[in-house]
Amino acid sequence: MAKDLPKENDTQPNIPKIFLIVLAVYLLLTVGFYFLAGDQLLYRVSRGDLEMRPADAAAVELSRDVTAEQVFSAKIQRLQSVSVRWGAYYRANSGTVTIELLRTDDMSVLMSGSFDVSPIVEGSVLTVCSDTPIEDVYGLPLILRLSSDCEPGSAVTPLIDSQAEEDGFSLSINGEPSPGMLCFAAEGTDYIWTGLHYWLFVGLLGALLAAFMLIIWLRYRSGRRSFVVNSLIAVKKYRFLIRQLVGRDFKTKYKRSVLGVFWSFLNPLLMMLVQYFVFSTIFRNDIPHFASYLIIGTVMFNFFSESCGMTLTSILGNSNLITKVYMPKYIYPLTRTMSSMVNLAISLVPMLIVCLASGVHFQKSAVLALFFFACVVIFSLGLGMLLATSMVFFRDTQFLWNVLSMMWMYATPIFYPESILPDNLKFVLTVNPLYHFLKNARSCLLDGLSPEPIVYIQCLLIALAMLAVGAAVFYRKQDKFVLYM
Amino acid sequence: MESMIVVDDVTMRFHMNTDKILSLKEFVTRKIRGNIRYEDFTALDHVSFRVERGETLGLIGRNGAGKSTMLKLISGILKPTEGRVTTRGSVVPMLELGSGFDNDLTGRENIFLNGAILGYSEEFLKEKYDDIVAFSELGQFIDVPIRNYSSGMLARLAFSVASMVQPEILIVDEILSVGDAAFQEKSRARMTELMGGGTTVLFVSHSLDQIREMCGRVVWLEQGRIKMIGPADEVCGAYDV
Chain A
1 MAKDLPKEND
11 TQPNIPKIFL
21 IVLAVYLLLT
31 VGFYFLAGDQ
41 LLYRVSRGDL
51 EMRPADAAAV
61 ELSRDVTAEQ
71 VFSAKIQRLQ
81 SVSVRWGAYY
91 RANSGTVTIE
101 LLRTDDMSVL
111 MSGSFDVSPI
121 VEGSVLTVCS
131 DTPIEDVYGL
141 PLILRLSSDC
151 EPGSAVTPLI
161 DSQAEEDGFS
171 LSINGEPSPG
181 MLCFAAEGTD
191 YIWTGLHYWL
201 FVGLLGALLA
211 AFMLIIWLRY
221 RSGRRSFVVN
231 SLIAVKKYRF
241 LIRQLVGRDF
251 KTKYKRSVLG
261 VFWSFLNPLL
271 MMLVQYFVFS
281 TIFRNDIPHF
291 ASYLIIGTVM
301 FNFFSESCGM
311 TLTSILGNSN
321 LITKVYMPKY
331 IYPLTRTMSS
341 MVNLAISLVP
351 MLIVCLASGV
361 HFQKSAVLAL
371 FFFACVVIFS
381 LGLGMLLATS
391 MVFFRDTQFL
401 WNVLSMMWMY
411 ATPIFYPESI
421 LPDNLKFVLT
431 VNPLYHFLKN
441 ARSCLLDGLS
451 PEPIVYIQCL
461 LIALAMLAVG
471 AAVFYRKQDK
481 FVLYM
Chain B
1 MESMIVVDDV
11 TMRFHMNTDK
21 ILSLKEFVTR
31 KIRGNIRYED
41 FTALDHVSFR
51 VERGETLGLI
61 GRNGAGKSTM
71 LKLISGILKP
81 TEGRVTTRGS
91 VVPMLELGSG
101 FDNDLTGREN
111 IFLNGAILGY
121 SEEFLKEKYD
131 DIVAFSELGQ
141 FIDVPIRNYS
151 SGMLARLAFS
161 VASMVQPEIL
171 IVDEILSVGD
181 AAFQEKSRAR
191 MTELMGGGTT
201 VLFVSHSLDQ
211 IREMCGRVVW
221 LEQGRIKMIG
231 PADEVCGAYD
241 V
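Chains as they are written, first to last, in my numbering: chain A, 1 to 485; chain B, 1 to 241.
Among the hints, erroneous ones may be present.
Here are the simulated lysine-lysine pairs, PhoX-like style, with alpha carbons at most 25 Å apart [unchecked claim]:
(1) 237(A) x 126(B)
(2) 480(A) x 25(B)
(3) 237(A) x 251(A)
Pairwise CB distance ranges (calculated) [unchecked claim]:
(4) 40(B) x 416(A): 52 to 58 Å
(5) 411(A) x 25(B): 24 to 30 Å
(6) 54(A) x 25(B): 53 to 59 Å
(7) 27(B) x 430(A): 30 to 36 Å
(8) 64(B) x 349(A): 53 to 59 Å
(9) 206(B) x 349(A): 36 to 42 Å
(10) 411(A) x 222(B): 40 to 46 Å
(11) 139(B) x 231(A): 52 to 58 Å
Away from chain A, derived, C-beta distances all over 10 Å, residues of chain B [stated by the list, open to error]:
(12) 46
(13) 82
(14) 112
(15) 183
(16) 186
(17) 226
(18) 233
(19) 237
(20) 238
In short, the hints are calculated from the structure, not lab data.
Note that the coordinates shown come from a computational prediction; the quantities given were computed from them, not determined experimentally.
A virtual CB, placed ideally from N, CA and C, is assigned to each residue, including glycine.
Hey, can you work out the whole structure from these sequences and the hints?
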């Protein structure tokens, strides 16, 4: 009737199979990332962009015989557009103006555009774009030439910053040098070195991974255990237990409520609505897609605070198990974080619904937002382990954490635009990991822009660093937990 | 013969600081005043013994002699301050039944939860599920949240889950007989079956009769030290007087 527990060899994982799966997943993720990240993987907004200067004077009435030429150079690898700001003398004008961009060496025209002047009012900006980015003018002197066919008296004027002076920049009107500088902007993109060599990196990393796994496997075959193999055995052995514990947390959380699991869905929605009401009627702001902006912040921060709060009590709250049954201690914080993760997954649904309803057009980069949510999960697990450890020895931790999480909430731009922070408080955002995760998730979802490749690496490193710290502290102290219950 | 449990020069000391410091403020103020005093309490003092495969070893001693600490060390719940405890194979501690039962879950869900906590595999639990339910005699109540169970029903369920395996090492703190008279008889029979079935058993009891009946060798602990170790009859005889 009674039967033996599974023997050791039943719990041996199929190492080659797992390693092949890991490699396949790696390939899938890297290829997927390449397509999802799109152009943002290869190009970033150029650091050499020239910004529009503030205008303080009119250059000259740009009538038929007048030509204004601005010589400038820009360190832009792929020049895409130039813009000029105009004044109209507060009158109705007629005719067309022509904006041309020329090289100085062979005087060839790089871009040009003609515009009807009648819609131009004070401060209007006209932009000429190139169909294909111009790649070979990095740092070269260029001429921005403005001309028109307007009659004197009904012509517009380009605006200038009369105080501006810069090396290599000169303004001339009808060939005569003139002080100041046109109010113009030049924009383009630069290549991202890592992006250009993406496949090289993917290949190298893949080869490294494969070599690493080969070594592990050879060692395993010769009977030596390694950290990785031991972890795999633990995963296989405790998978069922973890699933049961997560299932318990999840089932009991809403067990006796009428709406049940629907609360996971409703909760972020209601919180968002309240905040939406408060911050769009009482404190006004001009964030585009404010409802979506809010709910992304709410969902992410809710997960963070719920997960850390639950993990915080994971050791103490399970004291009846810890003092009676042996299982690896890390299972407790891990399962709590995983339970919160289930909630997070559910609350992504209302988040997407709100985004769609408020008119956000998802680009393929939206999928990449998941990466930043994953970073938050890793980060929360690390912090949770730290808190849980601290909680065992100092019960004050939970009260400190309440205060800290509230401070953290205000230090994260969940319901306010980051621009409202005064300059001397900006550092709060820079040192706040959640801000980086949130900002980039929003950028992926709302703007359809994937951040630069380096940002992914930074975010992942921040999250992993937190996990390493949390796990290390937890590991060193875990044998003492049972004595302090 | 291979040893299934090796207890090698194990010492377990607890810091009994006059009262546990559980708040940061208290810790800091006391640290500053240099007021943290630890009183070491030695629960086990350089204890060594081995248990061979298939052997049933009894553990006797008065309250506070270190029996429970020994069991917790062997089941891995505690780590020894000094020395080593090595075990080979799966250990199932039948210390306190029903650890990790959740009141809001049904009996069925609790069988899987508790089984997972005791280290059973999913396949094993699925295969044995019907046996467990049958043994517990809970019938239709198995799908009711266990907060509605009587304490007898809870004990029956817990015992049924815990006793469904034949582990390599079984740790028993008193033979558990739970429920009504009929079930008590049944559970005692199951325990005897478990302990007689070639498993290595570590058995703690205050009943010398049971020890004599079940065990080959006995360890007598007194104040954290081994007072005597040897064949059951000898040790029990010495302990009895």
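Checked hints:
Restraint check for residue 237(A) and residue 126(B): the C-alpha separation of about 16 Å stays at or below 25 Å, so the hint holds. A C-alpha spacing of about 20 Å is found between residue 480(A) and residue 25(B), which places the hinted pair at or below 25 Å, so the restraint holds. A distance of roughly 23 Å separates the Cα atoms of residue 237(A) and residue 251(A); the hinted pair therefore holds under the 25 Å criterion. As the Cβ distance of residue 40(B) to residue 416(A) is approximately 55 Å, the hint placing it in 52 to 58 Å holds.
One distance hint, 24 to 30 Å for the beta-carbon pair residue 411(A) and residue 25(B), holds here, with the actual separation near 25 Å. Evaluation of the 53 to 59 Å hint for residue 54(A) and residue 25(B) yields a pass: the beta carbon distance comes to about 56 Å. Take residue 27(B) and residue 430(A): their Cβ atoms lie about 33 Å apart, and the range 30 to 36 Å holds. About 57 Å separates the C-beta atoms of residue 64(B) and residue 349(A), a value consistent with the hinted range of 53 to 59 Å.
In this structure the supplied range 36 to 42 Å is violated for residue 206(B) paired with residue 349(A), their Cβ-Cβ distance being about 58 Å. Taking the beta carbon of each, residue 411(A) and residue 222(B) are about 59 Å apart, not inside 40 to 46 Å as hinted. Distance hint for residue 139(B) and residue 231(A): a CB-CB separation of about 42 Å, inconsistent with the stated range 52 to 58 Å. Once the 10 Å rule is applied to beta carbons, residue 46(B) is consistent with being away from chain A; the minimum gap is 20 Å.
Every CB of chain A is more than 10 Å from the CB of residue 82(B) (nearest about 13 Å), matching its label as outside the interface. With a least CB separation of 6 Å from chain A, residue 112(B) falls inside the 10 Å interface cut-off, contrary to its annotation. Against the 10 Å criterion, residue 183(B) stays outside the reach of chain A, whose nearest CB is about 17 Å from its own CB. Under the 10 Å C-beta cut-off, the non-interface status given to residue 186(B) relative to chain A holds; the minimum distance is some 12 Å.
With 10 Å as the threshold on Cβ separation, the claim that residue 226(B) sits away from chain A holds: the shortest Cβ distance comes to roughly 24 Å. The claim that residue 233(B) is not at the interface with chain A holds, since no C-beta of that chain comes within 10 Å of its own (minimum 29 Å). Non-interface status of residue 237(B) relative to chain A is upheld: no Cβ of that chain comes within 10 Å, the nearest being about 33 Å off. With a least beta-carbon separation of about 32 Å from chain A, residue 238(B) lies farther than 10 Å from that chain, consistent with its non-interface assignment.
Hint check: violations occur at hints 9, 10, 11, 14; the rest are consistent with the structure.
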